[in-house]
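> Following the hints, position chain Z against chain V.
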Amino acid sequence: MIKVHFFAALKQYFTDSISVEFIENETVTDFIQRLAQFYPDAAEPLTKCRVAINEEFVSFSDTIQSQTEVYVIPPSSGG
Amino acid sequence: MQHITQQEINVCAEYNKAKHPESGAIVMFSGDVRNHNKGQKVKYIDYEAYDALADKTIAKILTEAKEKWDLQYAECIHRIGKVGICETAVVVLVSSVHRKEAYDANRFIIDQVKALAPIWKHEFFEDGTSKWGANCDCASEDHEHLHHHH
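Residue numbers (our numbering), protein chains in the order written: chain V, 1 to 79; chain Z, 1001 to 1150.
In short, the hints are calculated from the structure, not lab data.
All C-beta atoms, glycine included, are put in the ideal place defined by N, C-alpha and C.
Treat the hints with caution; some may be incorrect.
Said to hold, decoys possible - Restricting the straight-line Cα-Cα distance to at most 25 Å, the calculated cross-link-like pairs of lysine to aspartate or glutamate (DMTMM-like) are:
(1) Z/1060 to V/62
(2) Z/1100 to Z/1111
(3) Z/1082 to Z/1127
(4) Z/1114 to V/44
(5) V/11 to Z/1046
(6) V/48 to Z/1127
(7) Z/1056 to Z/1008
(8) V/48 to Z/1048
(9) Z/1066 to V/55
(10) V/11 to V/44
(11) Z/1068 to V/56
What the hints assert, rightly or not - Short derived list, chain Z residues pointing at chain V, Cβ under 10 Å:
(12) 1048
(13) 1050
(14) 1053
(15) 1056
(16) 1114
(17) 1116
(18) 1117
(19) 1120
For reference, chain Z alone in the conformation it holds in the complex:
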């Protein structure tokens, strides 16, 4: 299991792995747990995954990214289990010769992982309630989707 972990993600260590002599650009996305969502105070998020298929799905997305862009490095690691406020739930790292490919590839990878990898968030709130993540929790309506809102 390369892309799914129960351990805390060491983003600095992951960043350092992306360094490559041919790369002039490294883009790192860290998806962190924030203390609020849609007006509710979030205490923590408990992530569940179909581990084997989530791992495979992320591997396929990384392969696709490497086919679309000339990348020296592409990695994505998603944490499962209880993730606290300010902790990293998912990290995406990409390195390339110039910044454009790195930005584009990184965006592609995180968008695909969020849409396709069988991973689910279970939000626990300060008021003692909890909720499973819905189809799409995106805050804005003006970005691209792989699915349609109903």
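So here's chain V without its partners, still in its complex pose:
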């Protein structure tokens, strides 16, 4: 399983965190698309998100390893 953490407006759909099934060789892009299938309303905001693993931003072509915790990062609005 993969634990996925959400922030800000995305918590309205997913709550703070969910666990999803691990899929071999899945890229970050595919992973985000899979999340969008859970909540179609979240599909558009999800396309604007970055993804972080192990406290580092990862690129969309990276593959997700098993047992990782994935952080879905919406566009920043601090300051």
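Frame of chain V; chain Z shown alone:
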């Protein structure tokens, strides 16, 4: 956690830390919560962050600023949680020999932090409604962006 705090930011204390014998210029930016945004009356803002990554991201931005400009001091602290009207949500302090580097570096740091640090504002309005911050809340269209408006 050096750059993210739940406590009130003491801007005067932070300003004093920027003083340096070689510095002839200190620029401080204080991002304060105002009582209005896009025609709505704001009661307060509740900031959320992915603390660990926000802290790291700000640290990297400060390192980059110190590489680009000759600075004696560079610091940025962002407050999270509930921040009231007139209170400081974020402070950026930079000191350098002359003012140009200090102004430029300070602007760079706040622009990068706003664009890149995983921190989100949740605005609460006087009418009882609330809203998560959008992609960019900049009031004017004529400034630089790291992203494109859709």
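> Look at each hint and say if it fits the structure.
Each hint, compared with the structure:
1. Between residue 1060 of chain Z and residue 62 of chain V the CA atoms are separated by roughly 22 Å; this keeps the pair inside 25 Å, and the hint holds.
2. Among the hinted pairs, residue 1100 of chain Z with residue 1111 of chain Z is consistent with the structure: their alpha-carbon atoms are about 17 Å apart, no more than 25 Å.
3. Only pairs whose Cα atoms come within 25 Å are accepted, and residue 1082 of chain Z paired with residue 1127 of chain Z is accepted, the gap being roughly 17 Å.
4. Annotation: proposed proximity of residue 1114 of chain Z to residue 44 of chain V holds, straight-line Cα distance about 22 Å (limit 25 Å).
5. In summary, the hint linking residue 11 of chain V to residue 1046 of chain Z is supported, as the alpha carbons are separated by about 15 Å, within the 25 Å threshold.
6. Straight-line distance between C-alpha atoms of residue 48 of chain V and residue 1127 of chain Z comes to about 29 Å, which puts the hinted pair past the 25 Å bound.
7. For the hint linking residue 1056 of chain Z to residue 1008 of chain Z, the alpha-carbon distance of about 21 Å falls within 25 Å, and the restraint holds.
8. For a cut-off of 25 Å, the pair hint linking residue 48 of chain V to residue 1048 of chain Z stands: about 18 Å separates their Cα positions.
9. Distance restraint check for residue 1066 of chain Z and residue 55 of chain V: the Cα-Cα separation of roughly 23 Å lies within the 25 Å cut-off, and the hinted pair is therefore satisfied.
10. Using a Cα cut-off of 25 Å, the hinted pair residue 11 of chain V and residue 44 of chain V holds, with the two alpha carbons roughly 14 Å apart.
11. This hinted pair checks out: residue 1068 of chain Z and residue 56 of chain V have alpha carbons roughly 23 Å apart, not beyond 25 Å.
12. Hint status for residue 1048 of chain Z relative to chain V: holds, with the closest Cβ pair at about 6 Å, below 10 Å.
13. For residue 1050 of chain Z, the suggested interface contact is upheld, since its CB lies about 6 Å from the closest CB of chain V, less than 10 Å.
14. Against a cut-off of 10 Å between C-beta atoms, the interface hint on residue 1053 of chain Z holds, since the closest Cβ of chain V lies about 5 Å away.
15. The beta carbon of residue 1056 of chain Z comes within 6 Å of a beta carbon in chain V, closer than 10 Å, and the hint placing it at the interface holds.
16. A distance limit of 10 Å between C-beta atoms decides the matter here; for residue 1114 of chain Z the minimum to chain V is near 4 Å, and the interface restraint holds.
17. With a least beta-carbon distance of about 6 Å to chain V, the hint placing residue 1116 of chain Z at the interface is held under the 10 Å criterion.
18. With a cut of 10 Å, the hint placing residue 1117 of chain Z at the interface with chain V holds, because the nearest CB-to-CB distance is about 6 Å.
19. For the restraint placing residue 1120 of chain Z at the interface with chain V, the shortest Cβ-Cβ distance is roughly 4 Å, inside the 10 Å limit, so the hint holds.
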